[in-house]
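S.K.: Below are the chains, spelled out letter by letter.
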Amino acid sequence: MNTAESNISPSAPVDAPLITGNQSFSSVTRRISEIVEVELKKTPKAWYIAFSITSSLAGMMTLMIGWLLWEGTGIWGLNNPVGWGWAIVNFVFWVGIGHAGTLISAILFLFRQRWRTSINRFAEAMTIFAVICAGIFPGIHVGRAWVAYYMFPIPNQMDMWPNFRSPLLWDVFAVGTYFTVSCLFWYVGLIPDLATLRDRAVNKVRKAILALFSLGWRGSNRQWRHYEKAYLILAGIATPLVLSVHSVVSMDFAVGVVPGWHTTIFPPYFVAGAIFSGFAMVMTLAIIARKVYSLEDFITMHHLENMNKIILVTGTMVGYAYACEFFIAWYGANTYERAIFINRAVGPYAWAYWTMVTCNVIVPQLFWFRRWRRNIVWMFIASILVNVGMWFERFVITVTSLSQDFMPSSWDYYTPTIFDIGIFIGSFGVFLTLFLLFLRFLPMIAMSEVKGILPEADPHYYKAQEIKDKQVIGTEGEQVQLS
Amino acid sequence: MPPIKSKQSIKNRNYWRSLYDSTDATTETEQLDNEFPHGREVDPNSVSRREFLRLMGASMALAGATTGCRRPVRKIVPYVKQPEEIIPGIPLNYATTMTVGDEAFGLLVESHEGRPTKIEGNPQHPSSLGKAGTIHQASILGLYDPDRSKNITQNKSAKSWTELLDFWAGKRADHLANKGEELAILSESFVSPSLSRLKNEFKKNFPNATWATYEPVSNENIYKGVAGATGESLRPDYRFNKADVVLSLDSDFLLTESDSVINAGRFAQARRVEGRKDTMNRLYVAESAFSTTGAMADHRVPVHSAEIGALVGQLSRALAVRGVKVPDVKSLTSLTSAPVDDKWISTLAGDLVAARGRSLIVAGRKQPGAVHALVFALNSALGNVGRTVTYTEPKDAEFPNRESLSGLVARMNVGAVSTLIILGGDPVYNAPADSNFETALSSVPLTMHLSSRVNETSKKVDWHIPQAHFLESWSDARSTDGTVSIVQPLIAPLFKAYTALELISLITTGKNQPGYEIVRSTWSELLGPLDYEKKWRRVLHDGLLKNSALPQRKPKLNIVSLARYLENTPPLSGSRGGVEIVFLTSPTVYDGRYANVGWLQELPDPITKLVWDNVATISPATARKLGVDIKRYGKLGVKKYETVKLTINGNTLELPVFVVAGQADDSVSVYLGYGQESIGKIGNGVGGNVYPLRTLANPDFDSGLAIEKTGNTFPLSLTQDYHRMEGRPLIREATLEEYRETGKLEPPLVKADLKPLWKERKYESSPQWGMAIDLNVCTGCNACTIACQSENNIPVVGKKDAGYGREMHWIRLDRYFFGDEANPQIAYQPVPCMHCENAPCEQVCPVQATNHDKEGLNVMVYNRCIGTRYCSNNCNYKVRRFNFFNYTKDTPEIQKMGNNPDVTIRFRGVMEKCTYCTQRINQAKIKSKVNGTPLKDGDIKTACQQTCPVDAIVFGDISDEKSAVTEVKNQDRDYVLLGEWHTKPRTSYQGKLRNPNPDLG
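These protein sequences, in sequence, are chains A and B. Plus 32 on top of the position in the first sequence (first one is 1) and you've got our numbering. Plus 6 on top of the position in the second sequence (first one is 1) and you've got our numbering.
None of these hints come from the bench; they were simulated from the model. A few of these clues could be false.
Residues from chain B that keep clear of chain A, each with C-beta distances beyond 12 Å, as calculated [unchecked claim]: (1) 82; (2) 181; (3) 184; (4) 207; (5) 250; (6) 361; (7) 657.
Coverage of chain A stretches by chain B, computed from C-beta distances (three or more under 8 Å per stretch; other residues unrestricted) [said to hold, decoys possible]: (8) 106-113; (9) 190-199; (10) 442-453.
Pair ranges (Cβ atoms, derived) [claimed, not checked]: (11) 827/B - 91/A: 47 to 57 Å; (12) 825/B - 91/A: 56 to 66 Å; (13) 197/A - 868/B: 19 to 29 Å; (14) 453/A - 718/B: 20 to 30 Å.
Please read these numbers as outputs of a predicted model, since none were measured by experiment. Virtual Cβ for every residue (Gly too), placed ideally from N, Cα, C.
Bound conformation, chain A alone (with noise of 0.2 Å):
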């Protein structure tokens, strides 16, 4: 390559490109619009089938949490040591998986990392779901759901007052929180989209809503001042919940005394989860969707592999704090607490250590190789793995610790049972219905963000194309997407 010819054209584009198949403003407007206009009568039936299948999980879960509101919380597995399983650890799991979308949004948009465009929509609305799903067990795992909103901060006639010394608090604030942000970040997100779709529109009715949603959203210069500086602020105020919502949650675990919660590595070790977890989530669902909706040409092999060296660096952030623990736990000399780590390894609940450490340490090893790292169906399988792998670090946590603690005679096994199992798959069923909604009247892809990252937008684009025209010439017989 000419060097003198590069530095006259800095912003060209050196990298492979982040958007492939040739597109231009239209296309990506059209290619994006299309699937959400789509009139009712013709929605795929592929869908509804999807639809109905993960609404009935939800309706179960919904069917489910009326019995154990009626019942009792004895209709799950707890017992005497363990006075939290799978509720708080599928509340973990979830808020967990939210983190993915908020990095992607707003910290590498702070970062300036354009390849976020393509999958920072469904990634947003997907740390949204979670968080839905993640709010749902809190509220439920309460012995008395009705009394719940003891928990607030609210003046009331019987003088009562939380207690601001408890992590479950924090969790409510934290959690409240985060939601908001991620509701308004992702709304702001969406409104240049929407006034798209709404100038689209034929339907009056769909027009009308439409409209009310985008706030009268013209794209004149001053609005888009306005609107960057709005999602840069919205986008700073997310990242540091980034870290707090998850280190907040790791709290009710690190503040309480009971050994293998006790541990000041925590907070970082559990955000490192979060976004490992997220990532692998965000991937899942990208595969998914980029294959059904056939958008190759936005979300690309390049996205993915930058999803997965993430995974992988996270991945091996929490490997470490695995070992880290271990380390601590016998330099640390707490008879309880070496202890509880000796029970994880080679204890009862050892099967769910092991698995642990496969699926989040072992598998994501692969990544180290470009080939594995592009080879979708390997990263679909491990995307899976991780986020099971994620789930039973949650499990290990909460249960594996609380089930061998200080009093041997107070030790217990804890067996979820069917209502354990059945709300959990009921969340991951409400989370889908959510994610089936939003791929159907939502767009997927934030085309106003992928615009601006299309060679097109670039103010230098015009020239940059003539040097790419030469450079075509010069290097013939190479396959260049840009013609």
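Once you've looked at the hints, dock chain B against the given chain A.
M.R.: Only chain B this time, still in chain A's reference frame:
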């Protein structure tokens, strides 16, 4: 992960087992329905259409539409005429007596507005001294048992007492005519002036009548053996407090033998250590199955129950070597085998000889009379008789006699009995199989049965007469030392029920005579005419007649009698004959009569920690031989256990097998009292009935058992799965010698530099509550658990939930095994809430439902609790209990009468735990305020402390330097659990000591 069937889980939680059998279901259940519309409930599992709609409603209630509901309004009416002495809200206490066979147990019963609610020991009564065991305290539930029978029935049709009177008038004339030739009575054993008087009157009227006495569990062998050795009928009274060396031969005198409460108290007196200068007694135990007494032992050796006789022979040789004059009788000298290591025996003999007159050998009531006779001879030779064991001549006593039962059955079989009246008991269920009592019963033309419930026997008889509970009865009894005490009713019979006194009186005189009059006329003789009313009122107040103990005797060994007795009894076996089966009295349901008491069914067995079942316990070596998977035992998460088939004398029973380290090899022990079909909803179908394996000749243990694995499994519920203490300093022990030298206990506490992160709350006001628990005297008897359950309205959760680990006991007994598998040691630790000053539970509760008050109590605000269970997770001691379901939902209306009105009933979803009996603290405070007198040390006793037979628990004000609790806490054995976590518990423990003989290493 086996899916848990919702149906099953709820069914079992619902601890009422099943409805009555179909035979008499029509009348009984209908009556039950009419009487207690809420007593029986619709099975909540079958989701009916209506249930489904309600369920849907609950789902809709997710929206929170129920917040505006009003509570139901209930009107109460004040007294029109205020009864004397009753002040609403202030309980009254009455003294009465509970009898179990020939035991009499003095009680003080708390009564709220006429409803008995809590049973405690009578401090003046010699057999309780204010303490009470598990069955005594739990008997309150027997009163409020909705499964009690409610009507006199003749062939299942309801009759009245007058109708019975009329019916008997004719029959009586017939029997009077032939002097009662064809009349027979089968009674339970009793020691009662009134019953004895009536029996004599009966005998006067019907001189030829048969009177048989049967008890499935009794001291029959002891009486026979002592009579054999002395030639007199005598009753022993053990003075463990005066014994420095105790040898227990298959005797669980601390829990399941007679007078265990007072015996444990006396034993503890000799065992208590307050400082490094103190000494303590030494306990040797030889037994087949691990018992609480074995757990307390300094030296324990597992031997077959059948080998105890040989052990006595071995010991007598060792004693003879040391110059003890052992009687030279053939049966003793012919016992030449040595079941126990000679060194063990010679060390024991050395100790016994060194402590002549201060030693004691006790044999269990399972042991045959010959063993008791020889034990008397040895005690006599060691100079213990009159010192560590005294005897009284029993008066007014009707002791059980198996021969009388077999004699009666023989008469019944030949048609010599035309009328049989059974006073209490359930012989059809619990008579030995080879007595064939049931068959004989069907050949008797007229049968009557007095029974508190329609049990197996009641079903086979013509007339069933409901028996009154002792809290509804007038009667009297004599305790072991002969003290006469009164049984007075706390409440009028809840159902139309009658006492044995009233029935015998009816049989004898043909007239209706109330129990009160019968007892009064007996006592008019006892008290004499002078100041009769005054003395009578005194007796009613005290519950007993003071200074009425019988003179203590110091009987001499009668060699001639002993030799003759031993010749006439089956010879003691010298060796173990194959696999033996040992029938043990259950420490919870006794002989089965308490099987319908939920508290007892859910009370963990002291050794296995099993609830709601009986099992066949075997040793690990036997398990290996049988091919039983030994790894299941002591492992977490095991719910199902293998079963075995026990076959003996042609009878077979399948029972779950349970491996207990320390059990004698090739010895299988089983608890009596389970597997009943007609005891009530709670007890029906729990466990297996082992009575059919018993024979008249060998009712206590038998050899020649065939045991084989079936390949089936059975779910068992344990409250403590794990056996080991993992070397943690939870129970800290030392030998007496080490302790006196160094004052140190093992395992050592973790040294930690404890610095708080924040400014700690100071507790400077007075009083500051604290508790001390002396592990050295705790026997693991569970009395505290039941006391707490009764005082604090703790619900029963049922087998399934108990198996999950959801039992609700606020104070539990932790049991750990130590040492080798063949002969380990057991140590117990009662664990209530520690009331930590830096309570980890308080910090994590998001709604401040658990807090500290200024007196150092960790208090629960039930109304505030939303049930996050975070507090329980964060509790180092796992003493918090969560209401996973609405456990009191199915409590029958009648049983609610027994609740303590001073303690809230907790709803589902609420966390609860030990409160140090906060209601008692407040009552005492109110009282002191009203009286204007300051609170004194000892004014407040927690329920567990009050009942502890060994006074292991002390509670009081730790800011008072002179209080008993401070004194105990100042002992050098005092330590707190997990102190290195800086939770600063208010409950502390005094380390356990053992006093092994150094010669035995």
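S.K.: So which hints don't hold here, by number, going up?
M.R.: Failing hints: none at all.
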